[in-house]
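Line by line, the protein sequences are chains A and B.
Number 552 in my numbering belongs to position 552 of the first sequence; there are no gaps in the numbering.
Number 196 in my numbering belongs to position 196 of the second sequence; there are no gaps in the numbering.
These are computed hints drawn from the structure, not numbers from a lab.
Note that the structure is predicted; figures quoted are calculated from it, not measured.
Do not rely on the hints blindly, as some may be mistaken.
[Said to hold, decoys possible] Below, computed lysine-lysine pairings styled on DSBU-like, alpha-carbon distance capped at 35 angstroms:
(1) K517/B <-> K94/A
(2) K634/B <-> K451/A
(3) K121/A <-> K130/B
(4) K638/A <-> K111/B
(5) K273/B <-> K447/A
(6) K396/B <-> K451/B
(7) K473/A <-> K488/B
(8) K556/B <-> K288/A
(9) K78/A <-> K375/B
(10) K517/B <-> K638/A
(11) K476/A <-> K559/B
(12) K594/A <-> K605/B
(13) K605/B <-> K440/A
(14) K305/A <-> K104/B
(15) K473/A <-> K275/B
(16) K305/A <-> K111/B
(17) K538/A <-> K556/B
(18) K196/A <-> K488/B
(19) K639/A <-> K583/B
(20) K305/A <-> K473/A
(21) K126/A <-> K305/A
(22) K273/B <-> K638/A
(23) K111/B <-> K447/A
(24) K33/B <-> K440/A
(25) K436/A <-> K614/B
(26) K33/B <-> K476/A
(27) K488/B <-> K375/B
(28) K538/A <-> K33/B
(29) K37/A <-> K517/B
(30) K436/A <-> K532/B
(31) K638/A <-> K614/B
(32) K273/B <-> K78/A
(33) K639/A <-> K614/B
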Amino acid sequence: MSQLRRFTCVVLTLLSLSAFAKEQFLHDATPEELAMKSVEMAPGAQAVVLQWDHRQDDFTNWESEYVRIKIFDRAAAKYGDIELPFAPGYSWIKTLEARTIHPDGSVVPFTGKTFDKLIVKASGIKVMARTFSLPDIQPGSILELYYVRAWNPDHLASSHWVVQREIPVLKETIWLRPYTKVYSSFFTYQGLPAGKLPTKVGDHFELALENLPAYDEEPYSPPAMMDKARVDFLYTEGETEPAKYWKKTGDDWTDVIEDFIGKPKGSIKTEATTLTNGLTSDDEKLKKLYERAQKIRNLSYEPDKTEKEESREKLRDNRNADDVLSNGYGWRSEITRLFVALARSAGYTANVVRSATRDDLMFSEKIPDSSQLDTELAVVNAGGKDRFFDPGTPFAPFGIVTWQVTGVPGLKLVKKQTAFVEVPHLTAADAVLSRKADLKIDGDVVKGSVKITYNGERALVRRVSGRNDDEAKNKKTMEDDIKSWLPEGSTVTLKSFGPLKSFDDPLVADFDVEMPNLGSFAGSRVLLPLSIFSESAKNPFSASDRKHDLYWDYERQTEDEVVLHLPDGYNIEALPQGTSSNLQALIFKTTWSKDEHSVTFKRLLQVNTLSIERNYYPQIRSFYKRATAADQENVVLKKAAK
Amino acid sequence: MRRALLLSAVCCLLSGHAFAWGGAPDWLKALAKQPVPTYPADIPGVALLDETIVTAGNDGTITTLHRRAYKILGTEGRDLGYVAVNFDSDTRISGLHAWGIDPKGEEYQVKDGDAVETAAFESSLYADNKLKVLRIPSAQPGSVIGYEYQQREHPWALQQTWHFQDEVPMRIVRYSLTLPEGWKHEESWFNGTAIEPRAAGNQFTWEMSDVAAVRPEPNAPSVRTVAGHMAINFIPPQEQLQGKAHRSWNDVAKWFYGLADARRNATPELQAKTKALTANKTSTFDKIAALAAFAQRDVRYVAIEIGIGAVQPHMASEIFANRYGDCKDKVTVLSAMLREIGVDSYYVLANATRGVVEPSFASMASCNHAIIAIKLPADAPVTSLYSVVTHPKLGKLLLFDPTSESTPIGYLPEDEQESRVVLITPDGGEIVTVPAHPPEANRMNVVAKLKLDEGGVLSGEVREVRTGLLAANMRAYLTSMKNDTERKQFVERRFAYHMTQSNVSDLVIENLDDIDKDLVFRCNLNVTGYSKRAGGMLLVRPRVFGQKSEGTIDLKERKLGYVTQGPSLETDEFEISVPGGLKVDELPSPVTVSTNAVSYTSESKFEHDVLRYKRQYKVQTFGVPLAGLTELNKAFSQISADERSSAVFK
């Protein structure tokens, strides 16, 4: 009975909405809108959103969007191609009104055909899109669209509105009536203008925004998901007060994980004892245990398998750390828990930290959503100090964790003492790339050998990305990488590289190189830039303006050393002095030296931070200008007079 | 972005699907047991078998069984485990099965019900083509995988193309054809030597073994145009199927004309618009240009292709009312308008990839684009129109592509030059060869008047003027940017590429939206640390910015020729006033480079405290054969060396 009443209510609401729509939502453009040629906030913009209204009623299961876009440039006519997704059997497009308004105020209503286009269909799931194109769009036109999408009353989903778009927005509103039975709910938001938050008005929430700039991509920006203005509305069955939520979530996780780790006994204890037998220092013992955990087959990093392949392989689920050890395989969190179990068995206080990742979104403690903490690390107290380990990431060096979990909060899961901790940042010394070259001049070609050494996080990133590739593919990737550093037209031949499957050793690659386009051979002189790995690199901050903060994935250091053996009959006529810039967050240094037979160039670039506020952009731009200029300095060789 | 989301959704759905149990068929098991030759390490896999079995029906139905098997050799070969099959309302797919045999001998099977379906063409707003995508389990190095499916269709034309060469090597490649009694067949061969079929009654089989891979290479012709293939016509005796036998371009043209001609009828609204657009134009050519601009700029590209709509244009009235349509629709509305002013015009079928349309095999399937041929009036300024061809009967025809919004009238986009197109006339049609535009049609002239101060700062004015396609392509790129800020950043990046400490101010881009005029950049440039002190010397690079060489071509494993960015003529004039009292110690030597494909001259002079650098770079052709690449590399290397050279002052 109640269901029938609810259904009737939905239908009546939609019918009334539909009838209401034309009168209420499609309205005439103002003379100012018709005459508009550009907007002050974005000169030369292709188009601007005049108005974008979202209305959503989770009680009666419908949402509507009313959109008006002013077209300034022909290229923006693409916004007249509309696709409205729906899932047959679950949701449907109920009302649809659209039109084009010309600069003279004349109206071209959309009366053409709509097409239901298949987006994807599989496993009983079908997603379609109602598709059409607005007619007669010209520069100066206003595109106007109103539609209602309804869905079955037995579905309730969280909502996500990215309010910052690829074109600027003059006005945007959100109106939401949440479903208040059974579930709790809450808003999250980022990047909203100061003082703008959803406000409760009676039984619904309202948010009105104005003058949102377009989202523009820039090099070295935080991931777009972290940076775009957005509003999310989430439903949950449980606690929504953040402190209580995280306490309960932490306690629940601790119970499950402690149950998996178990007490230090049996095969784990034996293994730990055997492995650490005779070792005295914490480093030696923990490294041995870590090595054991790293040797476990890591299912999380294998090529994606079909269910059929998985079921045929008949891998039994691991119920506890013992199983991980005896089966010899595990998912990344299981391997981490095994390492914690081994460390405890060796007498250490060890725990799991459930950590956030920052490769797309930044963790917020204010948001009671456990999916934010999706990675497990191990924390071991050794010598009175907590040390973090990442045995669940294949090839993660001892004591270095994968960069996505550095500098982020995590829940340290200790029985009845669960608390937030911060996973430490890397230092530049944890991620060193060393590039050495030994060169000579042969005719007008510079050639020689190059040794590249990836250390720490640098080796980890390289190994993880190539973990499922064979030697031929890894070799090609290596060669392509070094080619991209060297002057255009250089040829490289990889002589040796490896090891690819180690967590402990640096990854080393040796090449022979030939650089026909390095420097200038003219007249009696040879001018050679010896910053061969960076001479052709371009300043990523050439733009005079900057909208976003600057962001690096992780702290790092690059050390270059290039030795040029002088050709017979040439003398050094001039040697650059070298450069040094130190902003603390960024450090750059070059030095040049010579002896009777050779010139040596050394270069250091250190990034000691993850982010820099955009206010400092002029200094950063200037730093990179100086660095790239230094990379183009030449040693001048002159033919000795006969 | 939409495509990435779609692909990701497809992959997610495929990875999560429960596959049915089943064993591999005997033919695949037998192939799996055969030894495989040793291939270079970068070959991802080898096709053990590629088999196409075709049966033509008396009613024009074509049934084709496709069967393919791979041995996966490297990790890059995992992608061979995705099978994508096209279908639409006229093409039924049946019997889609795929199997895998992993290195341990474990067998897997998937079939039609396990496939993910998705729209086939993301570039269309709507098309009824769809894709079934299957993921074959155990697609990993060492595995043998295979699939088969049957297509049943009533094609527009009774013909097929057998691609016997692919991006992986082929061990056995076979094409079998069974024709009804009284039918004939005729073949054309491309990029390979013709072989004779084995015949048994009305069944014919062509078979090859160990066909080498043809792999994509940078700046090379498309693989489709260089890979071996056989095109075949099935020739029915019946009168009622004759319209489906496209044995000549004339046949194709007649068929297309029948579909398209009536679509060009004008409505009163279209007539009124034509009148309005041409009202103030005195010459016929100016009227043509006005109408061409309307079709090009005011009719938006939107593709809606359903069934025969993939090749048949919409009605001119519909296109005009909506102000949108695809390439053939744009041609249709323009042709209808031209009729209203008494100018004849013709559909021209083309392919957006140069070299796909083959004169010796007529096929609608080789055309994916439509442009227009306009009969030129006597008042046309023929000398400034580079896309004119002369037809023996129709006289001078102006080829024009209304889909390319930035290509001015009188020009054609690069891929339509030095290519073959199909002219459609009421009497039939024929292949027309479109020559490349001369280098002088596409010019870029850069003039910079600069001053170098004592502190090494270079500053002054820069002006760059582009015409023809050098303007059109840059215009298309600039107008795709979201706003003026992006355009400014682009210009800043261009200078920073050559001078890391450059600043750009007072940037003006003229005629960005006026495609009939030159595209002009003007700005002030300021470069810190341009000159370098080295000992007692001052080093100044006379070539301030701009790169002419297209980059050294890696010839180590090169098998294909080279495709340039097209004929053009570019000149630079840089003038740098240096502080008084400097004496030149060494100037870069003049450079002269001349090959069949490119030529280059440059010269530096120092007079009255002014360093002057002039150069000219001319690209003369689109294609350079493999044999010419050593010479081309040498030319690029000489140009690059000149660009790096410095003048030495003391």
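Q | Violated hints, by number in ascending order, as checked against the structure | A | Those not satisfied are hints 1, 4, 5, 6, 7, 8, 10, 15, 22, 23, 24, 25, 27 and 28.
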